[in-house]
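Trainee: Okay, here's what each chain looks like letter by letter:
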Amino acid sequence: NIVPTPVKINLINMLSETGLQVIEATSFVSPKWVPQMADHTEVMQGIKKFPGISYPVLTPNLKGFQAAVAAGAKEVSIFGAASELFTQKNINCSIEESLQRFDEVMRAAREANVPVRGYVSCVLGCPYEGKISAAKVAEVSKRMYSMGCYEISLGDTIGVGTPGSMKEMLAAVVREVPVGALAVHCHDTYGQALANIVVDASVAGLGGCPYDRGASGNVATEDLVYMLNGLGIHTGVDLQKLMDTGTFICNALNRKTNSKVSQASCRL
Amino acid sequence: QEPQASGLPEYIKIVEVGPRDGLQNEKVIVPTDIKIELINQLSKTGLPAIEVTSFVSSKWVPQMADHKEVMRGIERHPGVQYPVLTPNLQGFQSAIAAGATEVSVFGAASESFSKMNINCSIEESIERFEEVTKSARNMNIPVRGYVSCALGCPYEGNVVPDKVAEVSKRLYSMGCYEISLGDTIGVGTPGSMKKMLEAVMKEIPLSALAVHCHDTYGQALANILTAIQMGVAVVDSSVAGLGGCPYAKGATGNVATEDVIYMLNGLGINTGVNLCAVMEAGNFICTALNKKTNSKVAQASFSTGTIN
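These protein sequences, in sequence, are chains B and R.
Sequential numbering of the first sequence, starting at 1, is according to UniProt numbering.
Sequential numbering of the second sequence, starting at 1, is according to UniProt numbering.
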């Protein structure tokens with residue numbers, strides 16, 4: 001179901017009051033490919049921009065970047081992949097070609113003083129290729145970091161990773177990218193996300209982890225914050241406000257939450 | 001994956017609690033023949049231990065009223081243990097009469113929980129269990145001890161690790177061959193799991209320890225990972241994540257066996273269990289209960305038609 005623009009704006013505004021410091025707002029991609037993000041300009045212009053909070057947006061190419069900046073974006077993200085087949089199926093080109101497109105975005109971003117975050121998809125497995133080598137993930141991460149991305153988010157896109165494969169992949173990547181510039185983006189499709197995240201907690205200094213409302217495979221922010229609170233790790237996020245936000249969007253989408261913490265707290 | 005290189009156990013014994021802990025905490029009362037069929041299916045998956053039923057008064061636990069029929073009705077596969085709960089001597093005797101060859105007793109690390117759950121203090125419950133273990137010893141019946149509320153109590157809140165260690169030690173000293181430490185309300189997180197295990201490991205040998213993690217707050221796999229990183233090699237779980245939480249309305253309870261096996265397989269740890277076969281048993285019971293599975297692995301596999 002396509003979510004109405006005012007609901008999206010309200011969701012982001014509510015998230016802005018929870019203590020979260022980074023909220024991925026929308027994607028400046030053609031509505032032909034991603035109709036759910038067709039209202040990217042309205043959303044970007046409609047949200048309240050709180051000081052101290054970043055609102056990065058996806059920009060797959062130079063055109064998207066320019067539209068994003070025109071709409072007021074101050075930070076952008078680019079999406080690479082560690083799998084050739086996934087890149088072909090997803091954005092219709094090879095990894096090398098995608099990196100060249102990103103280079104154009106990087107150059108424009110540097111001139112405009114806009115920070116760029118890099119994502120690497122399929123780091124623990126690919127829906128088409130199956131196994132992905134840790135060396136390949138390290139190689140793509142290195143290219144994107146060298147291009148100027150301030151942070152690389154390593155995505156277990158189909159959630160097939162387990163703590164051992166996560167550890168092995170990270171060990172390869174930290175040889176090429178400083179650990180302070182790394183993030184993990186774990187999907188919970190096989191219930192492994194929190195275990196995969198906690199095995200990293202021993203790798204000191206892992207940076208920002210983007211998590212959304214517990215929809216379609218992503219790990220639930222509430223469950224992650226619950227774990228980190230229990231570990232005594234500071235996040236600055238108010239769990240109650242987060243749960244209230246989750247209740248809002250689940251009501252709006254007429255669906256149950258995927259967050260176990262919310263379920264346990266008798267939320268929808 | 002080389003488990004030894006990472007300090008993880010090479011083999012982990014999975015104790016399947018779905019037919020007891022799982023079904024006991026489901027809203028629907030399951031017919032006897034369905035229970036028997038579930039256990040028979042689970043017996044063919046490679047699971048080394050399946051908790052069958054509970055010899056407790058049907059007044060308190062109506063879902064387990066058919067304990068004798070279930071015990072007598074199931075196929076007993078060689079190499080598979082079929083423990084049953086026995087809260088007291090009477091239950092123990094009834095279990096033996098029905099053919100049980102292994103029993104479990106349930107203690108708690110919280111006085112309030114003990115009083116609310118079994119109507120007596122921890123000390124009184126220990127005395128009751130001693131009667132069971134004495135009879136069990138005479139008959140050469142192994143006894144497993146559970147300690148509930150190991151990481152938190154629905155009434156008392158925080159539970160002190162030393163208290164868990166103390167109760168565990170009492171159960172172990174009276175003859176329980178294994179102590180299963182239960183995060184009854186699933187509130188634990190990796191840090192609290194670590195602290196609790198450190199305290200218990202001072203009193204109980206590692207090889208006699210198991211963890212029984214509830215997934216009420218989504219923390220189970222992270223907590224289990226922490227436990228196995230510390231060398232714990234026995235993990236309790238429930239097929240399809242059967243069993244809600246009686247203390248948090250609408251919440252889930254047991255961790256799903258399928259999701260645990262998926263993680264252990266990925267870590268290269270041997271369990272002897274066939275994941276597909278467990279998913280089939282899960283599918284069977286969920287269909288019978290007319291409910292969706294709580295296992296993410298099962299959800300993912302049935303939607304894609306394959307297992308990754």
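Bear in mind the hints are in silico, worked out from the structure with no lab data behind them.
Note that the structure is a prediction, hence the values are computed from the model and not measured.
Check the hints yourself; a few may be wrong.
Restraint-style ranges between C-beta atoms, simulated for each label pair [unchecked claim]:
id, chain 1, residue 1, chain 2, residue 2, range
1, B, Lys131, R, Ser121, 40 to 46 Å
2, B, Gly180, R, Lys195, 40 to 46 Å
3, R, Met201, B, Leu231, 49 to 55 Å
4, B, Ile233, R, Asn40, 44 to 50 Å
5, B, Leu231, R, Lys27, 56 to 62 Å
6, R, Met139, B, Lys131, 50 to 56 Å
7, B, Val34, R, Ser207, 50 to 56 Å
For each residue, glycine too, the CB sits at the ideal point set by N, CA and C.
Trainee: Quick check: does the Cβ-Cβ distance between Met201(R) and Leu231(B) fall within 49 to 55 Å?
Mentor: violated (20 Å)
Trainee: A range of 40 to 46 Å was offered for this pair. Does it hold for the Cβ distance of Gly180(B) and Lys195(R)?
Mentor: Once the Cβ atoms are compared, 29 Å apart, the range 40 to 46 Å for Lys195(R) and Gly180(B) is violated.
Trainee: Check the following: the C-beta atoms of Ile233(B) and Asn40(R) are separated by a distance inside 44 to 50 Å.
Mentor: Between Ile233(B) and Asn40(R), where Cβ atoms are some 45 Å apart, the hint holds.
Trainee: Regarding Leu231(B) and Lys27(R), is the given constraint of 56 to 62 Å on their beta-carbon distance met?
Mentor: violated (34 Å)
Trainee: Just tell me: holds or violated, for the beta carbon distance of Met139(R) and Lys131(B) against 50 to 56 Å?
Mentor: holds (52 Å)
Trainee: For the range 40 to 46 Å, tell me whether the beta carbons of Lys131(B) and Ser121(R) fit it or not.
Mentor: For Lys131(B) and Ser121(R) the Cβ distance comes to about 55 Å; the hint is violated.
Trainee: Return holds or violated for the Cβ distance of Val34(B) and Ser207(R) against the range 50 to 56 Å.
Mentor: holds (54 Å)
Of the hints listed earlier, those the structure fails to meet are numbers 1, 2, 3 and 5, in rising order.
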